[in-house]
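Colleague: Residue numbers (the numbering used here), protein chains in the order written: chain S, 56 to 414; chain P, 101 to 429; chain D, 107 to 483.
Quick caveat, the hints were computed from the structure, so don't treat them as lab data. Predicted model, so just to flag it, every value in this text is computed and none were measured. Glycine included, each C-beta is placed from N, C-alpha and C at the ideal position. A couple of the hints might just be wrong.
Negatives, chain D to chain P, calculated, CB over 12 Å [to be verified]: (1) Glu174; (2) Ile221; (3) Gln373; (4) Phe376.
Using C-beta positions, here's what the derived DEER-type ranges look like [as the list claims (entries may be wrong)]: (5) S:Glu370 with D:Ser386: 58 to 64 Å; (6) D:Ile308 with P:Pro221: 40 to 46 Å; (7) D:Pro430 with P:Val260: 26 to 32 Å; (8) D:Asn337 with P:Tyr231: 51 to 57 Å; (9) D:Val307 with S:Gln75: 47 to 53 Å; (10) P:Ala103 with D:Glu381: 30 to 36 Å; (11) P:Tyr231 with S:Arg332: 52 to 58 Å; (12) D:Ser398 with P:Tyr337: 40 to 46 Å.
Spelled out from the first residue to the last, the chains are:
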Amino acid sequence: MRDDAQPLLSVRNLRTSFFQDEGITKAVDGASFDVSPGKTLGIVGESGCGKSVTAQSILRIVDRPGRIVEGEIMLTRADGTQTDLVKLKASGQEMRSIRGGDIGLVFQEPMTSFSPVHTIGAQLIEAILLHNAVSPKEARRRGVEVLRSVGIPNPERRIDEYSFELSGGLRQRAMIAVALSCDPRLLIADEPTTALDVTTQAQILDLLRKLQRERGMAIMLITHNLGVVAEMADDVVVMYLGRVVERGNVDDIFHDPKHPYTKALLQSIPSIESVPRLKLPTISGTIPHPFNRPPGCPFHPRCASFMPGRCDTEEPALLPVGEGRKVSCFLYQASAAGPLHRSVPSGGMAAQSTGSGRA
Amino acid sequence: MIAYIVRRLVLAVLTVWAISVLSFIIIHLPPGDYVTSYIASMSASGSAVSEGEAQALREQLGLDKPITVQYAKWMGLILQGNFGMAMEWGRPVSDVIGDRLLLTMVISVAAIIFTWGIALPIGIYSAVYPYSLLDYLFTFIGFIGLAIPGFLLALVVMYVGFAWFGANVGGLFSPDFIEAPWSMAKVWDLTKHLPIPAIVLGVAGTAQLIRIMRSNLLDELRKPYVMTARARGLSEYRVVMRYPVRVALNPFISTIGYLLPYVVSGSIIVSLVLSLPTVGPLLLKALIAQDMFLAGTIILLLGVMTVIGTFISDLLLMWVDPRIRLGRE
Amino acid sequence: MAGEAAVAVPIGTVGAEDRIAVATQWQLMWWRFRKHKLAVGGTLILVAFYLVALFADFFAYVDPTESEAQRSLMAPQSIHWIDEGSFRPYVYALKGTRDPKTFKRVYVPDTSNKIPVTLFGHGEPWHLFGFIPTDRHLIAVEGAKPAESLFLLGTDTHGRDLWSRLMYATRTSMTIGLVSVALSLVLGVVLGGISGYFGGVIDTVIQRIIEILRSIPTIPLWMGLAAAVPNDWSVVQIYFAITIIISLIGWTELARVVRGRFISLKQEDFVMAAELLGCSKTRIIFRHMVPSFISHIIAATTLAIPAIIISETSLSFLGLGLRPPAISWGVLLQDAQNIQALVISPWLLLPSVAVIVAVLAFNFMGDGIRDAADPYL
Numbered sequence: 056m057r058d059d060a061q062p063l064l065s066v067r068n069l070r071t072s073f074f075q076d077e078g079i080t081k082a083v084d085g086a087s088f089d090v091s092p093g094k095t096l097g098i099v100g101e102s103g104c105g106k107s108v109t110a111q112s113i114l115r116i117v118d119r120p121g122r123i124v125e126g127e128i129m130l131t132r133a134d135g136t137q138t139d140l141v142k143l144k145a146s147g148q149e150m151r152s153i154r155g156g157d158i159g160l161v162f163q164e165p166m167t168s169f170s171p172v173h174t175i176g177a178q179l180i181e182a183i184l185l186h187n188a189v190s191p192k193e194a195r196r197r198g199v200e201v202l203r204s205v206g207i208p209n210p211e212r213r214i215d216e217y218s219f220e221l222s223g224g225l226r227q228r229a230m231i232a233v234a235l236s237c238d239p240r241l242l243i244a245d246e247p248t249t250a251l252d253v254t255t256q257a258q259i260l261d262l263l264r265k266l267q268r269e270r271g272m273a274i275m276l277i278t279h280n281l282g283v284v285a286e287m288a289d290d291v292v293v294m295y296l297g298r299v300v301e302r303g304n305v306d307d308i309f310h311d312p313k314h315p316y317t318k319a320l321l322q323s324i325p326s327i328e329s330v331p332r333l334k335l336p337t338i339s340g341t342i343p344h345p346f347n348r349p350p351g352c353p354f355h356p357r358c359a360s361f362m363p364g365r366c367d368t369e370e371p372a373l374l375p376v377g378e379g380r381k382v383s384c385f386l387y388q389a390s391a392a393g394p395l396h397r398s399v400p401s402g403g404m405a406a407q408s409t410g411s412g413r414a
Numbered sequence: 101m102i103a104y105i106v107r108r109l110v111l112a113v114l115t116v117w118a119i120s121v122l123s124f125i126i127i128h129l130p131p132g133d134y135v136t137s138y139i140a141s142m143s144a145s146g147s148a149v150s151e152g153e154a155q156a157l158r159e160q161l162g163l164d165k166p167i168t169v170q171y172a173k174w175m176g177l178i179l180q181g182n183f184g185m186a187m188e189w190g191r192p193v194s195d196v197i198g199d200r201l202l203l204t205m206v207i208s209v210a211a212i213i214f215t216w217g218i219a220l221p222i223g224i225y226s227a228v229y230p231y232s233l234l235d236y237l238f239t240f241i242g243f244i245g246l247a248i249p250g251f252l253l254a255l256v257v258m259y260v261g262f263a264w265f266g267a268n269v270g271g272l273f274s275p276d277f278i279e280a281p282w283s284m285a286k287v288w289d290l291t292k293h294l295p296i297p298a299i300v301l302g303v304a305g306t307a308q309l310i311r312i313m314r315s316n317l318l319d320e321l322r323k324p325y326v327m328t329a330r331a332r333g334l335s336e337y338r339v340v341m342r343y344p345v346r347v348a349l350n351p352f353i354s355t356i357g358y359l360l361p362y363v364v365s366g367s368i369i370v371s372l373v374l375s376l377p378t379v380g381p382l383l384l385k386a387l388i389a390q391d392m393f394l395a396g397t398i399i400l401l402l403g404v405m406t407v408i409g410t411f412i413s414d415l416l417l418m419w420v421d422p423r424i425r426l427g428r429e
Numbered sequence: 107m108a109g110e111a112a113v114a115v116p117i118g119t120v121g122a123e124d125r126i127a128v129a130t131q132w133q134l135m136w137w138r139f140r141k142h143k144l145a146v147g148g149t150l151i152l153v154a155f156y157l158v159a160l161f162a163d164f165f166a167y168v169d170p171t172e173s174e175a176q177r178s179l180m181a182p183q184s185i186h187w188i189d190e191g192s193f194r195p196y197v198y199a200l201k202g203t204r205d206p207k208t209f210k211r212v213y214v215p216d217t218s219n220k221i222p223v224t225l226f227g228h229g230e231p232w233h234l235f236g237f238i239p240t241d242r243h244l245i246a247v248e249g250a251k252p253a254e255s256l257f258l259l260g261t262d263t264h265g266r267d268l269w270s271r272l273m274y275a276t277r278t279s280m281t282i283g284l285v286s287v288a289l290s291l292v293l294g295v296v297l298g299g300i301s302g303y304f305g306g307v308i309d310t311v312i313q314r315i316i317e318i319l320r321s322i323p324t325i326p327l328w329m330g331l332a333a334a335v336p337n338d339w340s341v342v343q344i345y346f347a348i349t350i351i352i353s354l355i356g357w358t359e360l361a362r363v364v365r366g367r368f369i370s371l372k373q374e375d376f377v378m379a380a381e382l383l384g385c386s387k388t389r390i391i392f393r394h395m396v397p398s399f400i401s402h403i404i405a406a407t408t409l410a411i412p413a414i415i416i417s418e419t420s421l422s423f424l425g426l427g428l429r430p431p432a433i434s435w436g437v438l439l440q441d442a443q444n445i446q447a448l449v450i451s452p453w454l455l456l457p458s459v460a461v462i463v464a465v466l467a468f469n470f471m472g473d474g475i476r477d478a479a480d481p482y483l
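Start from the sequences and build out the full structure, keeping to the hints where you can.
Modeller: Below, the structure written as structure tokens:
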């Protein structure tokens with residue numbers, strides 16, 4: 056979050072809601088963050104916190120009845136000009152050339168991310184032809200090339216196979232190949248390793264790192280897996296119920312978490328130093344349904360440092376705390392009445408731990 | 101892949117055999133036989149048939165033999181391409197059925213073309229714009245289409261033609277062409293008469309297929325590959341038509357197999373009302389007269405045609421769906 | 107897995123969600139069904155139809171078989187609602203005259219003779235539930251015989267009152283759907299259940315039988331079977347014969363649904379758990395598996411009834427199903443077969459309205475039940 060460098064993508068106050076008969080679901084509720092060129096931004100949070108909708112909002116592919124209510128998504132194009140993606144027509148020519156051209160997307164489900172009745176090649180070559188003025192023959196050659204670059208053996212043969220003929224790992228590699236086929240400057244990876252086994256996970260993460268080095272592209276990595284974030288990300292954004300609760304450098308976040316939610320998340324990771332047979336702390340309660348968003352700070356019903364009268368009435372803003380850090384918590388904000396709280400009761404989370412163990 | 105075709109082929113042959121047995125049994129279910137119903141109809145018209153004459157007729161027709169022998173004889177004849185005599189008509193069955201079978205197929209295929217031509221675009225529209233005004237309208241029309249039995253629709257069409265236009269909208273040919281040999285002019289005349297029976301026959305199937313297409317496509321549109329296709333920057337039209345529609349069409353193709361017996365069934369009843377020269381009215385008469393060779397042949401042939409239709413739709417499905425072609429789910 | 111956040115712990119939900127949390131499957135279904143306006147409407151219509159079926163004698167006002175050749179093909183009569191400024195429904199008495207040109211006897215309204223029409227008035231005697239004698243009818247006339255004065259929907263070729271016939275036809279056609287579907291249900295659940303639960307050879311055999319039955323065009327099959335019903339059978343015998351013939355084909359679809367459910371349920375943990383606990387096969391099937399898909403069966407059954415009603419109507423229309431003196435919608439529509447007659451007396455087509463409304467209502471209700479049973483389908 057260096058303010059001096061021009062960010063590749065800058066999201067400001069993004070709100071995306073789903074308008075249903077039952078009511079309005081605010082999936083993303085005022086998220087702001089930046090993606091720096093060539094860097095990796097990790098977005099973490101529990102399922103249902105709005106991570107994926109954020110990615111879909113950036114690509115302008117939010118499904119009905121969802122739509123972007125307000126906010127700004129500034130993309131710096133290859134020629135240095137800036138475009139606000141929110142202002143573009145979602146199905147218009149310009150947005151379509153950004154989709155797949157400037158920004159590539161990798162999805163969680165490699166099984167269902169490919170059409171079951173088209174070959175990998177058909178879907179790969181289609182993307183190349185769409186974004187580049189090349190002959191079908193040249194597009195196929197490039198397709199084979201990009202398949203090879205993501206480490207698929209025998210790409211000349213594999214290009215004519217169907218997704219169900221590939222293993223899970225190869226399928227995800229093929230998915231990455233489609234996303235990379237037109238040299239995007241930003242790759243959005245939405246839970247890219249969730250559906251894979253651990254060994255394959257590591258291989259895919261290695262591949263992403265290698266590709267990033269070679270191509271100098273930025274990655275926006277969406278995951279619920281803190282280990283993946285620690286391994287991959289330069290900067291981290293922590294989301295809760297559609298809001299960014301904390302953002303900063305990966306080392307700062309992991310070594311000195313500020314927001315009680317971030318702390319709780321980190322404490323629930325098993326570590327090599329944990330005492331054997333001791334139950335891991337968990338965060339009490341469940342994520343409220345977005346319909347019944349709690350008033351005030353959305354995390355207050357589950358928070359160890361809940362301050363009655365404040366957290367459940369006012370909404371904390373995302374304000375800077377030190378160099379490149381921002382956090383949205385009253386613990387770090389001077390209230391109208393009192394001075395800046397700095398001290399957090401240590402062990403507050405441990406007291407909250409319930410006996411249900413690790414999920 | 102070859103194994104799949106062979107398995108389907110064996111199954112088809114088995115089905116045809118089962119249908120032949122079943123149609124033979126059906127024909128023999130009514131108490132008495134052709135001769136009893138012949139005697140009944142003769143005595144109704146005032147002339148009596150003596151016991152000796154009846155016996156001679158039975159022997160001549162082979163009705164005195166045990167039922168298994170009769171079946172074996174019948175099958176033997178059919179395998180030689182001889183469907184026996186239509187007793188009531190005194191002519192070979194193949195002569196009596198002849199053109200009528202062809203016309204039954206022409207009408208059924210026309211109805212299926214109509215059904216697909218209407219149901220596919222509407223189904224796609226309704227799935228892409230669910231709960232829109234037009235979607236509701238189509239759903240409503242579809243419900244009505246499902247609720248009206250084919251013969252009723254035929255009656256209403258006939259009524260409207262008669263009462264409002266003073267014309268007989270039934271039949272497949274103009275009076276001049278009914279007895280005429282086949283010619284280009286006759287084919288053209290047939291084409292002109294085809295739409296009404298095809299529409300009447302196709303309405304219920306159309307309503308059904310709209311619903312199937314809509315729900316299939318709605319399911320497919322929710323799948324991640326649609327979103328990844330969109331994320332590649334494809335135009336919305338291309339995203340929808342190239343991927344989910346293509347996938348949603350697959351189960352559709354497998355419905356041809358069931359659509360055909362359904363339409364052929366319907367054509368029998370509709371033909372009676374619209375007085376179409378198909379096998380329908382013939383079958384009804386043959387069943388009432390217990391003309392076993394004629395009725396048996398018609399039921400058998402209709403069954404065989406649907407088995408062939410199902411087989412073709414299986415092959416088509418294999419051709420369009422790599423998951424089946426490559427033997428995986 | 108390295109460092110996966112374990113944060114979700116279920117605790118009790120609050121407020122309105124409590125009600126949902128403790129509701130039974132049936133309550134949830136009912137709440138969802140209630141929201142489906144068309145389905146509720148369809149259900150109400152069906153209740154009305156079955157009331158007519160149950161009390162056909164009450165809704166009819168004359169004997170449906172009473173024919174009078176001279177009153178054949180009379181047009182529906184109009185009821186006059188207002189009599190001299192106040193609400194007092196009446197019809198004009200009919201006066202038989204001879205047409206001066208054709209010398210045919212025709213009936214014309216006698217405007218000087220008003221016959222009051224009443225609700226719940228007295229008419230021909232009948233027996234409620236077969237043993238309670240009464241003579242109350244929904245519609246009655248005062249001071250005249252209804253058979254000679256009331257023709258709400260006109261008469262058929264034999265001069266029988268169409269309204270009264272329609273009431274009795276509703277009884278036949280609506281119950282034939284129920285009886286047939288009950289038979290199909292038994293066949294479908296038993297064979298589909300065996301097929302899905304045991305699998306193997308028996309599954310293959312049953313599946314082949316279903317496939318063969320489904321690949322034969324149904325109408326010729328029905329026609330063949332129905333033609334085999336002897337002419338001298340009684341109305342009741344024919345009724346049951348037709349019911350059985352129709353359900354012989356209908357069960358295949360239900361068997362398919364049941365089999366599919368059994369196969370997918372067999373993989374479920376709770377079935378495995380029951381097996382490990384040593385439950386008997388019968389117990390597993392009827393205590394554990396059947397209750398979890400009974401709602402689907404109900405939906406499939408409801409959606410099967412309209413097809414049966416259409417089948418019966420079609421067969422009877424062809425003269426192969428129920429035959430006179432039985433009265434069903436299809437039998438009534440036989441009169442409409444002759445187009446020339448239909449053009450002169452279009453009211454003969456009126457029974458088709460009942461067919462269409464009943465079929466629509468069943469479809470709406472079935473759709474509602476299906477959506478309520480499984481909101482994710």
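Colleague: What are the numbers of the hints that this structure violates, sorted from low to high?
Modeller: Checked against the structure, no hint fails, so every one of them is satisfied.
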